[in-house]
Each structure stands twice: as structure tokens, then as C-alpha cells.
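Asks: Protein chains in written order, with the working numbering: chain A, -8 to 175; chain B, 854 to 1008.
Quick caveat, the hints were computed from the structure, so don't treat them as lab data.
Just so it is clear, CB atoms sit at the ideal spot from N, CA and C, and this is done for glycine as well.
Please note that a few of the clues may not be correct.
Partial list, derived from the structure: chain A residues whose beta carbon lies under 10 Å from chain B [stated by the list, open to error]:
#  : residue
1  : Ser9
2  : Met10
3  : Leu17
4  : Arg36
5  : Trp40
6  : Pro44
7  : Leu66
8  : Asn108
9  : Tyr146
10 : Gly172
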Amino acid sequence: MGKTNTRDRMKNEVNAGSMADIAFLLLIFFLVTTTIAEDKGVLVRLPPWSNEPPENLKMNTRNVYSVLVNADDQLLVRGENMRVENLKEATKLFIRNPRKESDKAEDPTKAIISLKNDRGTKYKTFLTVYNELKAAYTDLRNDESERRFGKLYEYCSRAQRDEIKKILPVVISEAEPTSFGDEG
Amino acid sequence: MAHFEKKRGKASPEVSTASLPDIIFMLLFFFMMVTVMRDAELKVDVNTPEATELTKLEKKSLVNYIFIGRPKLNYRDTYGTKPRMQLGDKFSTVADIPLFLEKHKATLPENQRQGITSSLKIDGSVTMGIVADVKTALRKANQLKVNYSAGKRVD
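Next up, chain B with everything else stripped away, as it sits in the complex:
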């Protein structure tokens, strides 16, 4: 009997779980690093239409975003309900596009600049007038690669 008791005393009964939190924290930090938070708060309602001929935008750093839609409820008092354009985090006009593009261009090395794509996130209910104006501004600024953001349509 005494023999048995001695053996049981020596063996450590459980695997230590003390390092488990560290492992989970590591996972947590990994996800926190990897997921990119949306850098700009959306001030306009954007509900993109659906399409089938979609191309995926590969390099995030080469993409600049232009949002067009009606101002969200809490901005309607100041900005009205007509469709507006948002560049970065503020309401803008077509005249601000060249500077916006130039600022984005300046962050990239020269050999990558021809790959810059403008992602147009436009609400489906917006009329083409403002879209045409933006397109003209993009053409004048020689930003010709454009991606009309759209969701996948399932037939």
C-alpha cells in the first residue's frame, strides 16, 4: 500500500493549462494584426448593385475608394438628401478628385503607380449625372483603371 501511495505522489496529475491563454492570445493578436479595419467611416449610404462579371481587386494598397450615395440620416441636416461623394473621410466635390488621387499616388513607389485602380462604390439608386461627372474627372486626372464595385449576383 505504501508503495502505491508513493508513486501516485510523484506523478504530476494534470497537464498544465497555464500556457493555454498565451496560445489563444497569440491567435487573437494574429487576427487583430491581419484584419484591416475600415479606415474611414462611411458618411453616405452605399448599397452597391449586383453583377456577374466580377474582377477581384488584388492589392489593397493600389486601390483608392470613391463613395457616392445619399448622406446618412445624421448628416442629412447639414448635407441634404441629394447624392454626394465621399473621398477619404469627408464629403467632397468633383474638384477635389485630382488632389485625392495625387495624395494616394504619392504614397506608392513609382513602379507601382500604373497599377492604381479606383474603386467606385456607388449606391444603386444614384443617378448617372454625378457618376458621369466623377468619371470625367477621373479621365482628366488620367486615372483610367476603374472598378465599379458590385456584389455577386446569384441567379
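So that you can see chain A by itself, here it is in the shape it has in the complex:
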């Protein structure tokens, strides 16, 4: 009897049932620790560099929408103070100019947004302002595509997008920053 007992014990294998649990633990650990890095951001196309100073284009001032941000993160839009919250609507009004006012853009294709900041401006402010300006264009493009094709701009076909791009080109020019404020 005793002999058979030992043989039985030797036959016994290590219970592999818990292996799954261990593997699960590892799996969950990896699932939790790895953050699927979502890389999103504001896409911008920088102007090409040229050593020659830009030629002084005679631009009709009514077509230029100058936005200045100083080192204290304050906004000066066409010589007047403005809050960031109002920038989008004001920009849309300037580009569209629905009432054909003489101080706003003649036509959306001629409108130029000029953004200038200081070297002491906070990056966060700069990006917020840039975002608002871009949002103004996005809104206008959406309105236009809604009116023409009955859908949002991002759902339009390539040809339809090109058509809208032609009427509403995004022109946001960034000037060399001034250096009045403190950096750091």
C-alpha cells in the first residue's frame, strides 16, 4: 500500500491552473501601464525661409486683421483690447463681412490675419489665440459646406473641399516676434 501511494504522489503534476492567472496579471499590468499615446495637435504650415527681407506689399489695411499679443498675454486686435473669448466671432465677422462694412475684408479671399506676439508671451496664450483664429476659419468652412453640399467640411469629398478652400483660404501670417517682455 505504501509503495503505491508514493508512486501516485510522483505522478501528480504541478497544478498549471494558476498559470493563466499569472499571465492575466501580466497582461493587465501591460494594459494599464502602456498609455496609447494619442498624438494630436494644431497642424501648421510654416512659411519657407528666405534670406531676403519680404518685399513691402502694399496691402489695403481694411483687409488686414492684425492680432497682437503682448508679454502680459493681453490681446490687441486692430488697435483695440479684446478678450480671447470674443476673438473667434470677431474674426469670423471680419472675414465674412456680411454687411459689407468698409473697415472689414472686401472678400474672404483677400482677408489676411496677421498674428504677432512678443518673445515674452506665454506659449499657452499663443496657442489659444492661434486655435481661435483657426477655429474661425473652420466654422466658416463648415457653414459654407453646409450651405453648398449639406454636410460638414470634414465629410466633403476632395473636389468639394478644394472648392471651399478656394473661397475661404486660411491665411494666418505670423510676424517675427517683438522682444519687449521678459523671457524665461
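Once you've looked at the hints, dock chain B against the given chain A.
Replies: Using the frame of chain A, we list chain B on its own:
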């Protein structure tokens, strides 16, 4: 009675779970392969601002990353607290940008090179001075597609 006992003896009572670990391991390896670990340790604090007009960066291999922010606590003794730029895994200056871009470019076939995007991961509290310098360097290096990394803003 004897008849019943015989039948019970023949039938295997449980489904074998021995292969379960293998299945789970397969899942585990799949996840380990798929998830890309961050290749460079961040040496600067980067807390990107939030925005609404976001574009997703599609192809990871076509993106190079430039980090700007204040050095992390353990690097402050050597590098100070002024905002610094990190390229790859080390602190760099604006002068290092052309070589960095060129190195990244060399890893890609020629027909993909016009799609290269620079992802600027910049801390919100950094001032525009250093950002403007980096932008100028990028323009001089003819790297014009730039993505200001930002989180999604929920209003």
C-alpha cells in the same frame, strides 16, 4: 450499478485548462509587440496646452519630436530652470536641430520624406522666445510641416 460506474470512469470529467496559459501568453505577447514604449525618457516637464482644432498624427515613423520645457527636478542642478529643448534623449540647442532632422530623414525612403511632420511638444508656461527660435531653425532647415501638440479641450 456496475454498468453506471464503468461509464463514469470512461468519460473525461473536465475540459483541460492546460492550454489556457498559452492563449493568455499569446495575448500578452501581442500587446507587448503592439504597444510602443516611449523611446526617450523625458528630461523636461511638458504639459501641453489644450485646443479644439486638432489634427491627429497618422504615421508615427514620419514624425519627429521636439520637446521644450523646464528641466525636471533632478536635472535642475546641472541645467537650471530656464526652458530648454530636448531632442531625442538629450538636452540640445537650436543649432542641433538641422542634424537631428537630417538623421530622422535618413531613416526614411525618399518618397515619404515630404510627409515628415515635426511634433512640437511644448510646455504651456514656456515663453515664445525659445519657440520662435526653434520655428526659425525649422524654417531654415526646410521642415515646414509642424504640429503643435495639444490636448483636447472640453468646453
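Asks: Among all the numbered hints in the text so far, which are the ones the structure does not match?
Replies: 6, 7 and 9
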